[in-house]
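For the sequence shown, this note's numbering begins at 115 and goes up steadily by one.
Quick caveat, the hints were computed from the structure, so don't treat them as lab data.
What you are looking at is a predicted structure, and each value in this text was computed from that prediction instead of being measured.
Take these hints with a grain of salt, some might be off.
Simulated DEER-style distance windows between Cβ atoms [said to hold, decoys possible]: (1) 149 / 173: 31 to 39 Å; (2) 133 / 157: 20 to 28 Å; (3) 117 / 163: 42 to 50 Å; (4) 145 / 168: 28 to 36 Å; (5) 147 / 125: 22 to 30 Å; (6) 148 / 170: 16 to 24 Å; (7) 169 / 118: 54 to 62 Å; (8) 128 / 162: 37 to 45 Å; (9) 174 / 117: 53 to 61 Å; (10) 162 / 125: 44 to 52 Å.
Glycine included, every Cβ here is placed at the ideal spot set by N, Cα and C.
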Amino acid sequence: MQCDQLKIGDTIKLFYYEHFDYFFLKGYVNIAWVIVAFVLLLFSFTGKQIDKLNAFLKKQH
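Please model the complete structure; the sequences and the hints are all you need to start from.
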């Protein structure tokens with residue numbers, strides 16, 4: 115939501131996340147969850163590639 119779209123007197127409902135000390139609008143994608151999902155996806159992909167590499171190296175010896 116862009117602040118310039120609000121008019122004086124408009125009310126918005128914000129939620130406070132105490133752990134990280136910030137406010138957010140509910141209903142919007144929380145950027146922290148996007149980051150967590152990306153990191154988990156990255157670890158999953160990297161883990162599979164490492165397993166393939168280890169299997170390949172074992173076949174070589």
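In this structure, is the beta-carbon distance linking residue 149 and residue 173 contained in 31 to 39 Å? Taking Cβ atoms as reference, residue 149 and residue 173 lie about 37 Å apart, which means the hint holds.
Cβ distance range 37 to 45 Å for residue 128 and residue 162, holds or violated: For residue 162 against residue 128, whose Cβ atoms are near 40 Å apart, the range 37 to 45 Å holds.
Looking only at beta-carbon atoms, does the pair residue 117, residue 163 fall within the given range of 42 to 50 Å? holds, 43 Å
Status of the given 44 to 52 Å range, CB of residue 125 versus CB of residue 162: Holds, at about 48 Å.
Residue 117 and residue 174 - C-beta distance against the hinted 53 to 61 Å: Given range 53 to 61 Å: holds, Cβ gap about 60 Å.
Assuming the hint says 28 to 36 Å, is it satisfied by the Cβ distance from residue 145 to residue 168 or not? Once the Cβ atoms are compared, 34 Å apart, the range 28 to 36 Å for residue 168 and residue 145 holds.
Regarding residue 169 and residue 118, is the given constraint of 54 to 62 Å on their beta-carbon distance met? Given range 54 to 62 Å: holds, Cβ gap about 56 Å.
Has the hinted range 22 to 30 Å been met by the Cβ atoms of residue 147 and residue 125? Between residue 147 and residue 125, where Cβ atoms are some 26 Å apart, the hint holds.
For the range 20 to 28 Å, tell me whether the beta carbons of residue 133 and residue 157 fit it or not. holds, 22 Å
Residue 148 paired with residue 170, Cβ distance criterion 16 to 24 Å: violated, 33 Å
Violated hint: 6 only; the structure is consistent with all others.
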